[in-house]
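*Asks:* One-letter residues, chain by chain:
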Amino acid sequence: MKNIAKLSIICFLVIVSSSCRHDFLDIKPRGQLTSENFFETEEHAIWATNAVYQHLRDWDVHVFYFLGLTDMASDDAYKGSEPGDAVQLNDLINYTFDPNHPAFISIWRGYYRGIYRANLAIKNIPDIDDMDPDLRDRLVAECKLIRAYFYFNIVRWFGDVPLILEPLDPDEYFQARIPESEVYEQIIQDLKDAEAVLPLKSRYGANDIGRATKGAAQGLLAKVYLTIGDWMNAEQYARAVVNSGEYNLWPRYNEIFLPSGEHNSESLWEVGAMAVLSAAGVNNPGSSAYNQVQGVRGIPNLGWGFNQPSDELIANYEPGDPRRGATIMGPGDVLPDGSAVIQNNPNMVNERYNRKAWVPPHVGFQENGPGNIRLLRYADVLLILAEALNEQGNAGEALTYINMVRERARGSNNFILRDLTEMNPSELRPMIWRERRSELGMEHHRWFDLKRTDQLRIIMEELKTLVRPNGQPKFPNLQFDESKHYRFPIPQQEIDLSGGLMTQNPGY
Amino acid sequence: MTKTLQRICFLIALCASGALLQAQVTVSGQLIDAQDSLPLIGANVMVKNSTTGTLTDFDGKFSLEVRNLDATLIISYIGYNAQEVPIAGRSFLNLSLSQASNQLDEIVVVGFGTQRKSDVTGSVSSVKSEDLRKIPTADFTQALQGKVAGLEVIGSGVAGGSGQLQLRGPGTFGLDVGNGAGPIYVVDGLMLDDPGNLSANEIESVEVLKDGAAVAIYGSRGANGVVLITTKRGMNSEKTTFNLNTNFGMQSVAQRIDLVGPRDYAILANEAAMNQGLPLLFSDIDDIGEGTDWQDVIFREAPMYTVNLSARGGTDRYTYYISGEAFRQDGIVQADNYERYTLRINNDYKLTSFMKIGHNLAFNYDSRQSPPGNIIFNAYGADPTVTARDENGVWGNTSMRSNVGNPLAQLEFNTNNRNRRFRALGNVYGEVFVTPDIMVRSSMAFDWQNFQSYSFTPEFFVTPQQQNEESSIFFSNGNFSDWQWETTVNYNKAIGRHRFGGVLGYLSQSQESQSIFASRFGLIGTTDELLFLTAGTEDGASGQNLGQFFRYISYVGRVNYTFDDKYILSASFRRDGSSKFGRNNRFGNFPAISGAWRLSEEDFMRNLNIFDNFKIRAGYGVTGNDRIDYRSIFAVVNNGLFAVFGRNPSDMLNFGATITGVANPFLQWEETRSTNIGLEMGYLNNRLIMELDFYINRTDNVLVRVPIPAYVGSSQDPNLNAANIENRGIEWNINWRDKIGKVFYSVGAIGTTLRNRVISLGDNKEEILGGGTSAGLATRTVVDGEIGAFWGYQTIGVYQNEGDLANFPNIGNVQVGDLIFADIDGDGIITPEDRTFIGSPLPRLMYGFNASIEYAGFDMSIDFYGVWGTQILNAKKMARFFGVPNFETSFLDRWTGEGTSDTEPRVTNGGYPNFEVSDRFIEDASYFRVRSFVIGYNLSRVLSDKVGLDNLRIAFSLINPITWTPYTGYSPEIGGSPIARGIDGGAYPVPRTWTVGVNATF
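Top to bottom, those sequences are chains A and B.
The opening position of the first sequence corresponds to residue 12 in the numbering used here, with each subsequent residue numbered one higher.
The opening position of the second sequence corresponds to residue 22 in the numbering used here, with each subsequent residue numbered one higher.
Read the hints as simulated data drawn from the structure, not as lab findings.
Here are a few chain A residues that face chain B, going by a calculated C-beta distance under 10 Å:
no.: 1; residue: R120
no.: 2; residue: Q186
no.: 3; residue: L288
no.: 4; residue: F376
no.: 5; residue: M513
What the simulated footprint calls covered on chain B by chain A, stretch by stretch (three residues with Cβ under 8 Å from a Cβ of chain A suffice, anywhere in the stretch; the number is not a length):
no.: 6; stretch: 422-436
no.: 7; stretch: 448-462
no.: 8; stretch: 652-666
no.: 9; stretch: 671-683
no.: 10; stretch: 725-733
no.: 11; stretch: 796-804
no.: 12; stretch: 930-942
Treat the numbers as computed from the prediction; the structure is a model and nothing was measured.
We put the beta carbon where it would ideally sit given N, CA and C, even for glycine.
Use the sequences and the hints to build the structure in full.
*Replies:* As structure tokens, then:
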């Protein structure tokens, strides 16, 4: 009896213990795709490309410090908000930052994360066999255009940067900075690759509006060439945009930035956004904080009120230029949709807002911003064309394009913004620059334009000389130093982590 | 015992010479436990002066042949006092053994079994239930502070909080686990990461396995030490006793932070504005009201109480222990509340003489309300000139001059939350003696948990910065299930002077969890019965469902061999497989070997007549640590990255997904090789006991989430097996116990030194940066340095005048009154290259003293605990990036003109240089404290008999009544992961507590 009991217990244990199968330990992460099973279908290719677009709405890419390094670091905007809020932005305005300033690592991280997503798609999508080959090529071309855009911004901010074109293996994590000229070559290469493949804007179906187009690639190429002073190529690509017949100036300037103006006839490229509260477990899945950060601080819009249009920007507008009112708003102004009047916020000084970032009320909180971020407009391309022509001595034709822009701006009021007639290229040059500033104000091109045209040092020295009515300097803390501030510092932690291969920009 | 063995030696010699076998007679008998009268199975019965011997059977019976009935039998059994019994002509003997009470013969729980303390070859510390219960806390881990040499316990003041444990220094960077580099827990055989909800009242003993020799049998999860917890059980034939243990205590903040009042704030704020070239914040500093002391607003005296009722006892067939407990603790911060109810049933049933089954079952429920996470920092930084709330109910705007929300409004609007957990854990086991020597044991353990939490925020408006436009509720529900099945075969045999023991086993474990998170906005009401998801609107509804799954397979084995009670050898082995790792690195082997020599059993030592006990032991073992995010071997695809295409208003979300991080498919465990040499000594009749241990732990393949350059583009840094770390130290434990007349007393000291060194960080890797602060990363770990040492600028003074500005190197943007940093690299300019090591959060020395005295029912004990050689980065003082938060009074000593201060700079807002990470914010955090003071009185039996009680004890205790420390924050105990330790960004204070307790047994 005893032995039977013992035996049966032991048999039971042996049998049950050994019943664990040898694949007992084979477990995959739950509820998730991984590198093991991604990039295998056409859907995956589309998803991975969409994820690159999604990153264009990222806080680190086009929202907070982006405004600091474009408008605030130029003469177009002050910090805004209440004086004590996010005072670190003052360092960008005053050029008192060091390599540890949070702006630089934020921007750097944001852009390189976008580049990583683009690189993954560009590398892996071509290996997906089971999909429409045309779609495959188009998706890769879309990612190349966005990658070029990312590099274009960071090369302008930082100068030489690591040029990462494929996801890195761990033994490649130490990278050196690549000379600007090579980065530009790659940007041009990517844009040319994209231009060759991408469809015209009109070839996209209504549901795909917002994807990268041939026109966007050409427009960006024109801008890149203009930036590196290659006037002939800048002209060629700007002209290609004009000749494509795909674009024309939207008749009413102030409508461009309304929801109804999204993807209008002069839009070459903009980042789509929309307010949806939730999808697939993600809150605010289509939004960016771009609108909230710049929105009216206080009633009735409850934004944060950063990026305050400057006195200097106001002074730039020619008398009666309606673009001023379409760019800047403040207390007492009627909101663009006519729904309410902006009330005075006593905690703010010189209360003013970027009207182009305004959005009407929408579902969700303010961070659920639905406003598209306009990256490239036909007016910009026309002014690039004008500038490229003028720099080649062709002021006459340049006038044609600059006056197209002025004509649209003046609308039906023939007493303002009269056509320019200056035929001397060196006289016309500053007029084109001024026109760019008026036309594109608060669209985050200003710092890049100042650097490109080498006006940055002149403008900053001018700002230093400005005085308030009480005789005090207007910008007492402005420390701009032309020997170093044409390039922002490489984030210190990047240098620390680069295995000694990366060096800092001079002067920091 | 030893005498017996000597005689056996003698006997063997004798027999070998003659061995004249003569006519034999049979003698038989039965051996029982003197206390519970149960048979002792497998006890050793030897004939004195012979080689003849046998073991008792399942009924404790034995029978053996002797030459004549004048012989003497020697009876021995592990854990019992051996006995010599003359046969004296009897042919059947009724024998009993009593359990050993001598400390040396105490039974120590080790992995997969028990050992006599004298046989232990590894480093093991035991803590008894009485010591744990001295300090009433929600969680027994906090009561371990100062009780185990080598174990660091960083206390927590949160209601229901656990201590952060670290054994013998950090051997890992422990980045993905909440408790840093803490040990693993084994509760009645079940391996757990989180033993939470365990009441000290239910614990019989805690054993801390410290060295590789003791731990290796826990293999891949033992590298940071193992805490073995044995819960209480009844004993056979024990009369039922009931125990009622209650106590009540009050907790309070031991030390507040010296913050400036409204007027000084206004002065400093204006000065800061002036120094920054900003408009003054206060036009008239004389027109400032009383303002608010925000520390008063958030802190309170908070009660805690425990009521525990238990019953234990047994018959000859079964034993039982049933315990129920209610525990409630309010935190010293408002809206911090915790309560817990536990039920435990530990029973054993003897089915047959050779078979026993039993179970340990625990059911717990706990519930927690948490204060807003940043409220301590907010009370620290909130504008003190603002009235919290005026008589009209209007909230004070603390966001005007800084971005610190109004803490009182936070308490009003951000505290409607509840975190509940129901947990059932325990095991069911069976034991079968196949023969008296061989016992097969199989145990199925389980841990089943259900979590439920919600957090509701009503619609409110305090200021534009502190408001909620639409009410919201976040809800989560999750469950965790873990089963572990182990089957072991235990073997014990004694042959003459040889004793053998062994364990062989097979284990499998599976842990599965999933949780659902969901949220809704715009609830239709705010009363409790409407705080459900369906009371919210469909707009913005969100839901998420996550899951995790791990499995383990293990093979374990150990052999022990003792010769003559002098020489002890032990070897163990474990082979572990884990689903966390890729196929190539799935299995790992973890061997250990150890030995001991009890010199006190040798004649030459015995003749010295000094030592009652003298044992040298040495051990070496390999252990592993696998606590990382198991998905690190894969690059995970991140869902929900939606692009938006199409023209407004018909634009649409387009689903997007991609890989956002980087993977490391070659991950494997960290591996610690641990060497330990120990010395155990007893003098003066074991009244003085000393134990010394020297250890060196070297950890290889240390997993580290290495910060990689951001240009790689990963959203998260990858885990690599990159580093090697060494920890070494000396531990001591000295105790004197004696009596003078009727006064019993004891004094003791324990302590440990710690030397942590990073041996390598892997190829081409120079450093690990960690410890985020408002001014960037604050720790740096380098080869030959300590883990997580503080890294920043060294201050050498304050620029007193323009001359100083010219004379000392600087970066250009500094002004008179700012801090001067040392030009470490000597290049004539201050750059980030000039940062240097400015402190370390790791203690050099942890020590404790204790003393107790008992007389006529009174007892009194006091414990001291100290930590020396550690620093804290007072990061909350640095966090001044946004506006002007409140100031510590130390800011009043600021520089205001030449010669006014050479340490405290002029007041500025955050930023370079005054608020960079520098030694300005490093503070000495050594401390020495009265850990506990307990005074108790046991009512005499006579008195308690009158009220029908067996015993009644009343005790009063003080926990942490006094802490001496130079640190200016609330508590000098700041935990964190190894590379981000000791950074005080507004940590919850560890309170001071008094309690009264009544313990009745009946």
